[in-house]
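Model the placement of chains V and U on the given structure of chain B, informed by the hints.
Protein chains in written order, with this note's numbering: chain B, 1 to 302; chain V, 1 to 372; chain U, 1 to 265.
Mixed in with the good hints there might be a few duds.
[To be verified] Below, simulated DSS-like cross-link-like pairs (lysine-lysine); rule was C-alpha separation at most 30 Å, straight line:
{"hint": "1", "chain 1": "B", "residue 1": "Lys295", "chain 2": "U", "residue 2": "Lys159"}
{"hint": "2", "chain 1": "B", "residue 1": "Lys201", "chain 2": "B", "residue 2": "Lys295"}
{"hint": "3", "chain 1": "U", "residue 1": "Lys159", "chain 2": "V", "residue 2": "Lys33"}
{"hint": "4", "chain 1": "V", "residue 1": "Lys117", "chain 2": "U", "residue 2": "Lys159"}
{"hint": "5", "chain 1": "U", "residue 1": "Lys128", "chain 2": "U", "residue 2": "Lys72"}
To be clear, the hints were calculated from the coordinates, so they are not data collected in a lab. These figures come from a predicted structure and were not determined experimentally.
Residue strings, one per chain:
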Amino acid sequence: MTLAAGFEAAAAPPGLNAAGLAADERAERRMLLLLCSPGMLIALVILFLPIGWLFWFSVIDQAGSFTTENYARIWREGAYVAIFLTTFEVSLLVTAVCVLLGYPLAYCLSQLSARAAGVLLLGVVVPFWTSLLVRTYAWLVLLQRKGLVNDLLIGLGVLDRPAMLSYNTLGVTIGMTHIMLPFLVLPLYVSMRAIDPTLMKAAASLGGRPAAVFRDVFFPLSLPGLVAGLVLTFILCLGFYITPAILGGGRVQFIAQRIYASVNLFPTWGPASALGVVLLVLTITVLLLAQALLKRWRRRFG
Amino acid sequence: MSVNGRGETRAVPPGAALPVEVTRLCKSYGRAKAIDDVSLSIRPGEFVTLLGPSGSGKTTLLMTIAGFARPDSGSIRIGDSEIVRMPPHLRNIGVVFQNYALFPHMTVAGNIAYPLKLRRLPRPEVARWVAAALDLAQLPGLGERRIDEISGGQRQRVALARALVFEPRILLMDEPLSALDKHLREEMQIEIRRLHRQLGTTTIAVTHDQREAITMSDRVAILHQGRIMQFDTPRAIYERPASRFVAEFIGESCFLPVEVSMGKPCYGGRPLKLATGPIVGGRGLLLLRPERLCLVGDGDAGAEVNCFHGRIAQAVFQGESVLLTVTLDSGDRLRARLPNRRLANGVCLDEGAAISLGLHAEDAILLPGEAP
Amino acid sequence: MEHYIPHRRRLWLYALSALILGFLILPTLIVIPMSFSASDALQFPPRGFSWRWYEAYLGTPQWRDATLVSLKVSVLTMLLATPIGTAAAYGLHFGRFRFALAVYGSLVASLMVPVILIAIGVFFLYAKLGLVNTIPGLVLADVLLAVPFVLIVVTAGLKSFDANQEMVARSLGAGRLRAFLGVTLPQIWRSVLAGALFAFIAAFDEVVIATLISGGEMATLTNRMFSSLRDEVDPTIAAISTLLIAVTTIPPLLGHLISARRGRR
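Just chain B, same shape as in the assembly:
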């Protein structure tokens, strides 16, 4: 640098153009935020506002004063408690079965070549995109008394008489498992793919048999993806409406069905709102718990 230029630079004050540059930065940030605003506006008006209303309605009675009656009723009446229990039990069951079926499938797909996996994944993705109603309908047909499953079981000698496979908890469980399985398999597959295969090779070179390598290296690393898929599945099960309504035949009541019925049953929005708030709180609690668990794991695994 020449002497003169050096003096000139030193003579210039610090923070040249700082105010203008900061204004430019703010303007740019505002513009990009603006791009997100239509989406956020819709979420505000159609999602957050109504849900806020739900909270409001759940604690206001017909006369307009504050009340906890709606929540008290839930606690008091055995029917509600039974519904919550049913929902939880079936959701847990379905999630467990999905894990049992989905983990091996995801594992197998993640170990194949990308091309083969891509083709086979269609078998997971296509049912995922097929309408819920179509799949539920298919199970309705399959599980009826004269349906294929019963015929198969009788033919194999497992049963003498056709069993009640639908319009009960069993039917609901089977149907929901079929619908939820892709929700578990897809995120699990993605996270399994991300596991560095050289880690397994390293473990093998250190003397690990395939079973040990899986147990000690692969499985722990797949846990975050498993938990993510598991939580997603469970939450979706909790709030499920369609399949329990159809395959349950009225005998299986989930929270969502009760909420729906309450809308028409009661003169105010109160009861339905209270149930809805409880469902929301349960959902958020499960989500937060899972997040905390995942955060702890991420710290451990780096």
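Below, chains V and U alone, put in the same frame as chain B:
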């Protein structure tokens, strides 16, 4: 020279290239200072390289000049215009990215024509300029190829052609050669110099490769932790580095601790003959370049030569030179690089042999700092 | 990727996976032959071959109207949700807001909240605004559900896009919008298209909200199907289901074939 619409090249009259003036530029990311009060004065038509290790802020500095990073404060002027608050598409600066960023959905000609189309040049004009640019970049006939059909070296040239075709005020290059293999790299270094001499555009390049910087530039700015350590010609930086960091970054270097005793800098109790002036404070470092050390016989040392005595710890044959690691009597270690032909003189270079090394005063540089 | 464990040692895994994949794919497929059954009963294997259920579907005005409503709503949803989601994806990807996570969360919240809650909330709101049983009402609700899909898919596309290209375009003289339209969009169009398709399907398949806020003349196809399934199972459903399967299966298959062929080139 610039390429006009008729495809002829003309020499750029000396006044047409523009100077670049960066004044007190600052940029922080959170608490980390990426650019720490940087000022730089670049002459018209100069080829300047920003050199430094990763994290030194050189790419950030380049990006602020290009307009893709916004500094917190400071001024950037090209010629007479202040551009620091201008959006990138109005700055009229040519940028070549490290990965070239060629548009895969356009042909080679489409890529080069893009800036011209944006400037609403009529079609026949565009075609002529593109043809001239292809010629200048030595890519004749490749206009209709797609990007994935040409080689890495050719992609480099397309990126350059695209950045130069609209006669930008200055040219910026971010690690232009890092994606090429060694042979291509040397070829492209010469290419870039040729283009620069032909077009005369003020150019600022960023690299972490010191050899590249020395080969291509008129002046080099060494950056470290967001500050400019030294901004000078390659030769001056090599022979008169301003600090230990610069000395270590360019060329090989060894350091010996120096103490000021009775007003004179000394090593091992003996006063040194130096090229540079006195330093402030009681301590310093003597910079020795291994290739500037020579063998000294018993009576050989001239008045201007500093002598160091010790024993050879290791001698490694490296083709055109021998690299000696010497343990001095004082315990410090030195590296010396001797040209191969010395072996013929029957000089003993076995491990453990006594040896005397000499450093001419002209090559003895005193730097501020503590020995490790 | 060659795995170091030989295939034969993993036969049990392959067999198990095949079974599970079969479990996923086969049940839906039985609907197809059933739609051609000549008899009223829901049996499998079906007896006789007939187009009668397809004729019933296309011949009954209620089914036709419902299909039209669904198509209208889904197309409108796709046309609205795609630009909204793409713009949001761009803004989030390139913006450096402090509350980016909150913005992202608010945009995908509709995925995580149980649909029944959204349904009754929307019902309350629409009752006040008089939007119950209207196409705009349905479209707005479906856009809420569709935007997260578009956002997630386009964000993934932007992540694998070389951002330098847009910067280069801007250095060459293109303003931000021009650079996006001329350089970025032509390269992420596949993600945008996928997002649009997902938006369409999400709207078309939506059941819960539709049953609550649409009915009678404005009933959607899903609404009618749900009522039919719950009350009296009409074999026409088999025909409709087959058509739906075709509509939702063919695009991903085509997409896969196209990308596979491109990869081979």
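Evaluated hints:
Simply put, B:Lys295 and U:Lys159 have alpha-carbon atoms about 23 Å apart, close enough for the 30 Å limit, and the pair holds. Restraint check for B:Lys201 and B:Lys295: the C-alpha separation of about 27 Å stays at or below 30 Å, so the hint holds. Distance hint between U:Lys159 and V:Lys33 is fulfilled; the C-alpha atoms sit about 27 Å from each other, no more than 30 Å. Of the supplied pair hints, the one linking V:Lys117 and U:Lys159 holds, its CA atoms being roughly 28 Å apart against a limit of 30 Å.
Our distance criterion of 30 Å between C-alpha atoms is met by U:Lys128 and U:Lys72, whose separation comes to about 24 Å.
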